[in-house]
Amino acid sequence: MGKRIKKENLKRLFDDISKEYKVIAPVKRGEDYVLEEVKDFSEVALDYPTTILPAKKFILPYKEPIFALDGGEFKELIPDEKIAFFALHMCDANAIGRLDLVFWNDPYYQARREKMLIVGISCKPIETCFCKSTGANVLTNACDLFLKADGENYIGFSMTEKGRKFLSQLYFGPETVDVREVKIDYDEKMHLDIYTIGRRILEDYNNPVWEQTAKRCLACTNCTLVCPLCYCFDVIDETFIVPNEGQRVRCWDSCLLLSFARVAGGHNFRKDLKARYRNIYTHKFKTFVDEFGVPSCVGCGRCITFCPADIDMRETLSKLGGA
Amino acid sequence: MKPKVAIFDLTDCEGCEVQIVNSKFIDRILGGVEFVNFRLGQRVNRWDDFDVAFVEGAVITSEELELVKKIREHSKLVIALGSCACFGGIASINNFLDINEGKKYVYGENADKIEFLYIKPLPEIIKVDFMIRGCPIATEDFERVVSDLFAGRIPKEHTRPVCMDCKSKGNPCQLLKGVACAGPVAYGGCGAPCPTAGMPCDGCRGPLEDPQTTAELELLKKIASKDDIVRLFRKFAPMAPIFKDIGGGKL
Ligand code: SF4
Ligand code: SF4
Ligand code: SF4
Ligand code: SF4
Ligand code: SF4
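In order, the protein sequences belong to chains A and B.
No gaps in the numbering here: position 15 of the first sequence is 15 in the working numbering, and each next residue is one more.
Here the working numbering = 1-based position in the second sequence + 1000.
These aren't lab readings, by the way, just hints derived from the structure by calculation.
Don't be surprised by glycine CBs; every beta carbon is placed ideally from N, CA and C.
A couple of the hints might just be wrong.
[Unchecked claim] If you anchor each label on the Cβ, the simulated ranges turn out as follows:
{"#": "1", "chain 1": "B", "residue 1": "Glu1073", "chain 2": "A", "residue 2": "Gln110", "range": "54 to 62 Å"}
{"#": "2", "chain 1": "A", "residue 1": "Glu73", "chain 2": "B", "residue 2": "Glu1073", "range": "41 to 49 Å"}
{"#": "3", "chain 1": "B", "residue 1": "Asn1110", "chain 2": "A", "residue 2": "Lys63", "range": "50 to 58 Å"}
{"#": "4", "chain 1": "B", "residue 1": "Glu1218", "chain 2": "A", "residue 2": "Lys189", "range": "23 to 31 Å"}
{"#": "5", "chain 1": "B", "residue 1": "Asp1228", "chain 2": "A", "residue 2": "Lys6", "range": "28 to 36 Å"}
Kindly generate the complete structure, drawing on both the sequences and the hints.
Set out below in structure tokens:
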């Protein structure tokens, strides 16, 4: 069940949310779109292809101090902020839903997540999208509120108590609209049978596609950094000259780096880029699926759009056969 | 007793020393060490045995060559400060050119009186215990190394490409705009000021461990001329491994 909202009333919704939350929304910067804190609704891009960095930028920041040593005194640094994402695409909202599976127990993640509001919005799929293949094209309760495009206007759907609070405001409705299922439907440029392919990865471990693609790969890590579901981090201790002042920081890492699988004593489990490149797929489409039942990929297409070497994850996946 | 520290500068712009003076922790550093020799930072300097000597700049004259050997003899640890010391720096562009012509262009009749050695990176002249890279160095890198030395730890190398610094800031990619960028093969940790300001990375910190040089060059050849690629890698760390070959025209 949804309730209609006129496009011109989205500002009222935005302003209401701004009263309670720090609002993060897509804005245009040069040729690109980025997620940023927005104070004025007129800056929000309602219609955008994709943002360079996903919501991860705010949920699991690049460098996050987790505790500090202040004059020898130990201080835990639990984040205290109330963030609302406004106008996230379905894939990006569902990516947060999948991150929840991993970080359900993480105090830093949960401190932000519990207070968070997620407002999704309809998108116009672009050439690189394959959310249907990953099952991330369907509305889930990762969105508190979802705004489905309806001609010029929108129909709002609430999936949680937090979302209902806004849907009950006067700028929605009042009459309800009966919609059975909310999902993003389109013809994917390349549809992939993700679960079958995932199972093939270990069976077909030495498929030539790894070697061929790794040859073109720069190991620049861009694909993992822009991925809403790459959450690997390293933990670094920083001291500030004197030994009793410093902090422990967790910082994004990437399995594409030589240092990623290096252990004490210098042994490295994935010395070749071929093995490191393959690890992205093993993790996203095999081991993550085994553990959580879904891939750690929502088909947002960022890794394709922002790869400087023009490497297309869908092509690699399709070469694993099984499709 | 406070550790005895020296900072020496050879042929360079002194920018790395300025980065040290810029540290927000400079008081803590001054409180923790005795600067026995630091020409840019203090008036009275002397020779002694040093616990740590930082050497900034490239070795261009025989006098400088003798000086670095003397520094090594007097120091427990020698740290190369900045890309001139680590990789020859900007001045070593001359290694690829006809130095006599260059000297004539700049010094005219006096050209013969000017000495200019083939520039070698400091580690090829004396044993160097650690390198702080960059043109200029990042103040945070200096602070990190000093913190580690105080704590009795061996400083750790960065293992991330500049792209990681760059994308963590959410920058659009220069390569995707068709601009040659050394970021994927360049030693990170600088915070990517260049791509953040809309310019490509020139790899001033030298190469990353395990750089994917072949893939990078294949890609660059599609968007840039051979000359531009050569110039890109010949700029700030011309004598660094790998960059030296590319700067010399091997691509
Ligand atoms: S792997 Fe690629 S398509 Fe999948 S979620 Fe990550 S960035 Fe998006
Ligand atoms: S292992 Fe690799 S692919 Fe998986 S989340 Fe970490 S960085 Fe991403
Ligand atoms: S973005 Fe492309 S080139 Fe860079 S590491 Fe990923 S696949 Fe390789
Ligand atoms: S602009 Fe340069 S440093 Fe930044 S991601 Fe692109 S290649 Fe890497
Ligand atoms: S971005 Fe590149 S050129 Fe600029 S400081 Fe960093 S390493 Fe040096």
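Consistency of the hints with the structure:
The beta-carbon spacing between Glu1073/B and Gln110/A, approximately 57 Å, falls within the hinted interval of 54 to 62 Å. Our hint of 41 to 49 Å for Glu73/A and Glu1073/B holds, since their Cβ atoms are close to 43 Å apart. Checking the proposed 50 to 58 Å range against Asn1110/B and Lys63/A shows it holds: the Cβ atoms sit about 52 Å from each other. For the pair Glu1218/B and Lys189/A, the beta carbons lie near 25 Å from each other, so the given range of 23 to 31 Å is met.
Distance hint check: the CB atoms of Asp1228/B and Lys6/A are about 53 Å apart, inconsistent with the given range 28 to 36 Å.
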